[in-house]
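Going down the list, the sequences are from chains A, B, C and D.
Per my numbering, the first sequence starts with residue 2, numbered consecutively.
Per my numbering, the second sequence starts with residue 2, numbered consecutively.
Per my numbering, the third sequence starts with residue 2, numbered consecutively.
Per my numbering, the fourth sequence starts with residue 2, numbered consecutively.
Bear in mind the hints are in silico, worked out from the structure with no lab data behind them.
Heads up, a few of these hints could be off.
Partner residues are not named here, just some residues of chain D that face chain C (Cβ under 10 Å, in silico) [to be verified]: (1) ILE5; (2) GLY107; (3) CYS140; (4) TRP144; (5) ARG258; (6) THR263; (7) ASP264; (8) MET266; (9) SER346; (10) PRO373; (11) VAL376; (12) LYS384; (13) ASP398; (14) ASN400; (15) LEU404.
Restricting the straight-line Cα-Cα distance to at most 16 Å, the calculated cross-link-like pairs of lysine to aspartate or glutamate (EDC-like) are [claimed, not checked]: (16) B:LYS166 / C:ASP370; (17) B:LYS214 / C:GLU362; (18) D:LYS361 / A:GLU215.
Note that the structure is predicted; figures quoted are calculated from it, not measured.
Quick reminder that beta carbons are idealized off the backbone N, C-alpha and C, glycines included.
Single-letter residue listing:
Number of protein chains: 4
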Amino acid sequence: MNGIKIVTIGGGSSYTPELIEGFIKRYDELPVNEIWLVDIEAGKEKLEIVGDLAKRMVKEANVPINIHLTLDRKEALKNADFVTTQFRVGQLEARAKDERIPLEYGVIGQETNGPGGLFKGLRTIPVILDIVKDMEEQCPNAWLINFTNPAGMVTEAVLRHSNWKKVIGLCNVPIGMKMMVANFLEVEPHRVEIDFAGLNHMVFGLHIYVDGKETTSDVLKRMTETNSTGTMENIVDLGWEPSFIEALGVLPCPYHRYYFKTDEMLDNEKENAVSSGTRAEVVKKLEDELFELYKDPTLSIKPPQLEKRGGAYYSEAACSLIDSIYNDRRDIQPVNTINRGAIQSIPYESAVEISCVITKEGPKPIIMDELPVAVQGLVSQIKSFERIAADSAVSGDYNKALLAMTINPLVPSDTIAKKILNEMLEAHKDYLPNFFEKVQ
Amino acid sequence: MNGIKIVTIGGGSSYTPELIEGFIKRYDELPVNEIWLVDIEAGKEKLEIVGDLAKRMVKEANVPINIHLTLDRKEALKNADFVTTQFRVGQLEARAKDERIPLEYGVIGQETNGPGGLFKGLRTIPVILDIVKDMEEQCPNAWLINFTNPAGMVTEAVLRHSNWKKVIGLCNVPIGMKMMVANFLEVEPHRVEIDFAGLNHMVFGLHIYVDGKETTSDVLKRMTETNSTGTMENIVDLGWEPSFIEALGVLPCPYHRYYFKTDEMLDNEKENAVSSGTRAEVVKKLEDELFELYKDPTLSIKPPQLEKRGGAYYSEAACSLIDSIYNDRRDIQPVNTINRGAIQSIPYESAVEISCVITKEGPKPIIMDELPVAVQGLVSQIKSFERIAADSAVSGDYNKALLAMTINPLVPSDTIAKKILNEMLEAHKDYLPNFFEKVQ
Amino acid sequence: MNGIKIVTIGGGSSYTPELIEGFIKRYDELPVNEIWLVDIEAGKEKLEIVGDLAKRMVKEANVPINIHLTLDRKEALKNADFVTTQFRVGQLEARAKDERIPLEYGVIGQETNGPGGLFKGLRTIPVILDIVKDMEEQCPNAWLINFTNPAGMVTEAVLRHSNWKKVIGLCNVPIGMKMMVANFLEVEPHRVEIDFAGLNHMVFGLHIYVDGKETTSDVLKRMTETNSTGTMENIVDLGWEPSFIEALGVLPCPYHRYYFKTDEMLDNEKENAVSSGTRAEVVKKLEDELFELYKDPTLSIKPPQLEKRGGAYYSEAACSLIDSIYNDRRDIQPVNTINRGAIQSIPYESAVEISCVITKEGPKPIIMDELPVAVQGLVSQIKSFERIAADSAVSGDYNKALLAMTINPLVPSDTIAKKILNEMLEAHKDYLPNFFEKVQ
Amino acid sequence: MNGIKIVTIGGGSSYTPELIEGFIKRYDELPVNEIWLVDIEAGKEKLEIVGDLAKRMVKEANVPINIHLTLDRKEALKNADFVTTQFRVGQLEARAKDERIPLEYGVIGQETNGPGGLFKGLRTIPVILDIVKDMEEQCPNAWLINFTNPAGMVTEAVLRHSNWKKVIGLCNVPIGMKMMVANFLEVEPHRVEIDFAGLNHMVFGLHIYVDGKETTSDVLKRMTETNSTGTMENIVDLGWEPSFIEALGVLPCPYHRYYFKTDEMLDNEKENAVSSGTRAEVVKKLEDELFELYKDPTLSIKPPQLEKRGGAYYSEAACSLIDSIYNDRRDIQPVNTINRGAIQSIPYESAVEISCVITKEGPKPIIMDELPVAVQGLVSQIKSFERIAADSAVSGDYNKALLAMTINPLVPSDTIAKKILNEMLEAHKDYLPNFFEKVQ
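Can you make the complete structure from the sequences, with help from the hints?
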């Protein structure tokens, strides 16, 4: 390769400066010479704001990366080496509905593995499958690196509903868990290793090592007892019952609170919806503020306020992954990829989130211990949800969508599922062509 | 064998006349010559009432079956051919607590796969493992046929925590589903066949055949549309959303309402708790009435009122099973037995409820289709619950009990789980020696 | 159904009178009213001889079965209920080559799981796939019951290379093993039950029961020590080392001698080739004699000489199977069908030979113990051979054919494999259109 | 750790100077400060010769490694960090018998996966299990790194017949294959990566990459066509049929010639046995010459002649492995370890030879493609052989030994197996206490 070509779909996202910063930092080892930021008509203004900032950043850093802004996806994809996707169909307004509508029925929306995630999947999957079709034509050797949530469901859909195999789902949750442990232990992050296994936003740290020595049970004990299991910017920290975590024996991710502290999380979301707004609404404000900052023609670095946005370490995760593929580094990173027997309780051909060796040929899952018996059921349930949701997104089948909604562990009954489903279908009508070309 | 020896542990149960009637009817093909009814000191009075009725029944029927009543389990077990267990540790009072305590916290008790089932398991498993030890000594070639709930968890415990392999868990739910379909279709039951697979009280009818012709989707459609999916005496019939069942594609069991109609079931239980009492309390009254009837020295048949008790077809299931083992009939019956790969999404060595060929050497599961993707997760979750609950019952480990309670799909958080657990441990103290010999 | 329609492809086979006799005997329970015997132009004379005998047989028996003779396969298949296949592409001359050519290179031909079987498969599979295409059109609800060897490979090919699912492979080896055990024990056959598992001509009796009581190790010990493991008409009985069978712990089938007594079997085949001729040549003589008998217009029953032909119990196996499907008997019979996890060491979707419950919907494998570790490897090796051979038959790929030949356990090297392959390809040229339309 | 303690059992081996050289080279990153060379009384003289050379080598290299020579295994093991085993029970005389006796019966001896390997296993396994017992006492945190053949069977035995989990089997075959490919392509070895999977001496290169780009089919084609598949010092290069390798699609290891070129290998071994002697006899001469060299008090480096001995890259493999564990390098190396689902067609708990990430906690297999269908059978057969051989070594069960011998793919019949077994048991009597304390 003579310089790497990156295409970022949803390039007008507020996250883009993170990515740009990451490529700048790594320029010597990862010689990116073109970054194409792609967006749709409705996102044109943001694309230009972010794109201009990106151009100022590379200029300031004095690296020979060319930034291109375009609304023409096909042209952008031509001969791409890596395509990253971080778009949001229906934007934050749609996400706000994903969160608000279920709440009306006393149900957490949850934009990835909950009813909200179902609709985010229904809107996103047809688009990602279109992107994949364009890639088959324009850049058949590229890697697709997807950040768009629900990242597990989207990866599952690409793996099972297209012929595209070079897809990797990426999430900042595992890296966040590692940072959290490092902070708690007051050691540098590189001294901590965690064996990750599970699904996206449903991942567990099976073993925690410090300087290569296993310290899992000790760390778990101290973290829960001091109520320091930590969380992320976007998830309230309600702690854990120490006895529960001790018996569990593995480190849960922040999103597990939705399933193991459902009532408390629901109460919290209800309160927030009234006081500060749902997460989408909070993010909307943050983003508006960020874009105000981005407009400043004197700004030529990533503004520190971006880190509050909840996407901490995204750039780190993405650039590390691309770097390891490009340079065949064979280091270990947690990503979403095809299971192939690595986790015995999940179907062979499904997407899992797991520590992998990252090679030029992509990620290869590492065999680790089985998931604890205690969580195999919940993990399977979310996988069942993801699989049926993906099938429904592709077929536009109303009954399957109801089935996915009903089996979601956050949804308390088929009847409530139906009410939520019907209201959400109506609300998201414009973004669900597979459903509204068909008879319900 | 010269005449078969049956031992029934919990012989003072109100169900016993059903069993006696079953053995009387089948005497020609299944020559039982001894039935030992065993109970504990606290059950002595009931044992005598039921035992006297049993004696009058065999006399009236003029079959040479000897009925023995005893409190000495070991003596009774000597050289037994079949041991049936239908005891209830702590009796209906304990069950009432299993139902009432979770309700205080807004949680369904559910005496098999819910928090109530956890405690019924914790009380029952140490006793069944003791029985198995006695059987190893007294009747090493006998079959243990367990009716005591939670039948799945109890079978799991015997399979994984003892060396006894000749154990079968039995339930009247599958036979009830078959009868329900036959009634709906207005055909004789023997013309209906259903392929059953899943777990106890979490079993599905994968295929429904009438006269050997598959009619699953047609029957499902008509049953849900006419709100005739039916239920059992003890579970309120709240119907199903037709679209949900259509997408599911298999026949759920009545207990699935707890998981797919949780909120509505909870509301219903709360109402009942106030109006008619919990199920245990209703049953208590029914039983008191039954025992009044049983006392009548002129009664020498099973009184028809027994069928309201909820145990319809129990005798049918038990006697059919014993008959098929004794006579090596190789017919097909749904029972709880070791999985051995029959259901791929459940561990190889765990108990499943599945259609089996019943032979002299016991049940052999029949390979059928996989469980639908939509339910693999929930079924796994209940299996995870059963496994950890069984482990906790054996070890008396508080943390594991909390883990089991927390992962139960009816329980909304670790903190609520802990409150329920603590209150129930205290309430059932006298029946939990494994927990109260140890430090919590 | 108003009377059953049977179509027998390869109807001019010397086995046909067996089948006819079977249907006559069962007429009351299995009301066959049409049997269509189909053959090709080259087999017309035999078809007429056998067909006339068949007509005399039904007349003599006074049952209203209509016998039709035809060379028009499509017409015959119209609305068939059961299609049995017992044809031989290239007739006994081809089989003689299957046996003779490998012998020239010091290799056993073995018409099913050896080099001979590879070629029999290459000739047969394209034809069976054509038949299946005709069935899709003419009789989409019929069952295909295949006797044509190599029955395992042929079933594998239909399962994996067509959309036809209603296929069952049938063999008389398991029933022969059961008869052998019954004879040895001097009990009536119905008192013996054997759990069969493995592949076609590579099947094991995992457990032997007499009157429902397991007697496996005792029977094995006595049979091997008295050198009475028995065999079939077409396989020389070389006995077994008692210590070997004792450690094996299961009953091998007669064909296992090819793999566990390779050198002795080879010597024997070499001798026979010189003295009495190969098996095909012996059979040729027997068949000529049989057809002479069949021509006798006074003959109106199956002549007893047919039993020497090696196909003992074929009629029994076929008619029992059809009867159990038609009458939904749910009894247990060993057949070749899709594995679906019944034998863990064989791929889920591959054909296995295993005891099944026979229902109106077809065979359902019964879960039994795993194959002994000692034979899992050999069984897998034959399955690998069958799979690659089937793939090669469909694609006409020379390299795959060489691969299949080389991995066969009877073939000692890639170079010898190549020589045998090349000579056999040339010899069977006329029956291998997939290979000779293509460039080698 | 303050300096690493290495214990080498079989320290008097001619390979030892390789190891010493490896530790000297890596001293800066792998600070070994003690190497204990342990041998038995019969090996005392060699131990001293080799030990003295080792001492001269460290002195010459000026590294602070202390060399200890001892016959007291327990003392040596005290607080060891790594224990390497490279002993040979019965020495080369025993190996010569492993090779000669089968040849008398027309069977290849093959010291790892053949009849010779069975006996090497029977002699070695009781000793390794004794070593493990000593390690439990003396150095419970050490890693056992076994080079002693048959390395797969020995690893299997430790995994399944002891409680010791920190065991790794090591072989120079994969590294040899990598070197061979690099030589053929004329590139530096570090530019070649191969995904290895299979069993010891039965391993395949599933994918070959040069500079991170897959070139498997191209390399295979060119290698076979130019007859350059290469082999090892101790295995004759008979080439491969190009069509066979093309259809196989993966790189076989040199030992595969025993199974896919059996007749030719047998002829070659017979010739050698007459002309130059069996491999053991050749090695004996080489070793005698080496020990003559080692005695030279002026020699203080590893003599170049050692490389002819067949153990090329052993030191490289061992020192790299120890280095990666000690330094938690997380690089990829092929080793023998527990499968845990990495290769689906091999039992979960069995030993496999597979590319692993090497961490401080040991090797973690990487998920790769399944083994090609064509070889799953043969690989399973060798695994069956290894498992039964290991069981027999532990129990001293004659019948199991016969079973292992009979199912070996090199052995043509149960009767020949019995003859070879009986003669070998007699010949190795002194080293088979498990067999000769018992009744045969």
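Evaluation of the provided hints:
Taking 10 Å as the C-beta contact cut-off toward chain C, the hint placing D:ILE5 at the interface is violated, the least distance being around 39 Å. Given the 10 Å rule on beta carbons, the hint for D:GLY107 holds: about 8 Å separates it from the nearest Cβ of chain C. A cut of 10 Å between beta carbons decides the hint on D:CYS140: the least distance to chain C is about 33 Å, and the hint is violated. Hint status for D:TRP144 relative to chain C: violated, with the closest Cβ pair at about 28 Å, above 10 Å.
Given hint, D:ARG258 at the interface with chain C, holds; its Cβ is 9 Å from that chain's nearest Cβ, closer than 10 Å. At a threshold of 10 Å, the smallest CB-CB gap from D:THR263 to chain C is about 4 Å, leaving the interface hint in force. A cut of 10 Å between beta carbons decides the hint on D:ASP264: the least distance to chain C is about 4 Å, and the hint holds. For D:MET266, the interface hint holds, the least distance from its beta-carbon to any beta-carbon of chain C being 8 Å, beneath 10 Å.
With a cut of 10 Å, the hint placing D:SER346 at the interface with chain C holds, because the nearest CB-to-CB distance is about 7 Å. A distance limit of 10 Å between C-beta atoms decides the matter here; for D:PRO373 the minimum to chain C is near 9 Å, and the interface restraint holds. Residue-level restraint check for D:VAL376 holds (minimum Cβ-Cβ distance to chain C is 7 Å; threshold 10 Å). The closest approach between the C-beta of D:LYS384 and any C-beta of chain C is roughly 6 Å, which is under the 10 Å cut-off, so the hint is satisfied.
The restraint placing D:ASP398 at the interface with chain C holds, with a minimum CB-CB distance near 7 Å, inside the 10 Å limit. Look at D:ASN400: its Cβ gets to within about 4 Å of chain C, closer than 10 Å, so that hint holds up. Here the hint on D:LEU404 is kept, as its CB sits about 4 Å from the closest CB of chain C, short of 10 Å. Taken as a hint, the B:LYS166 and C:ASP370 pair is honoured in the structure, with Cα atoms around 14 Å apart against an allowance of 16 Å.
Straight-line distance between C-alpha atoms of B:LYS214 and C:GLU362 comes to about 8 Å, which keeps the hinted pair within the 16 Å bound. With a C-alpha separation of about 9 Å, the suggested pair D:LYS361 and A:GLU215 falls inside the 16 Å cut-off, and the hint holds.
In this structure, the hints that do not hold are numbers 1, 3 and 4, in rising order.
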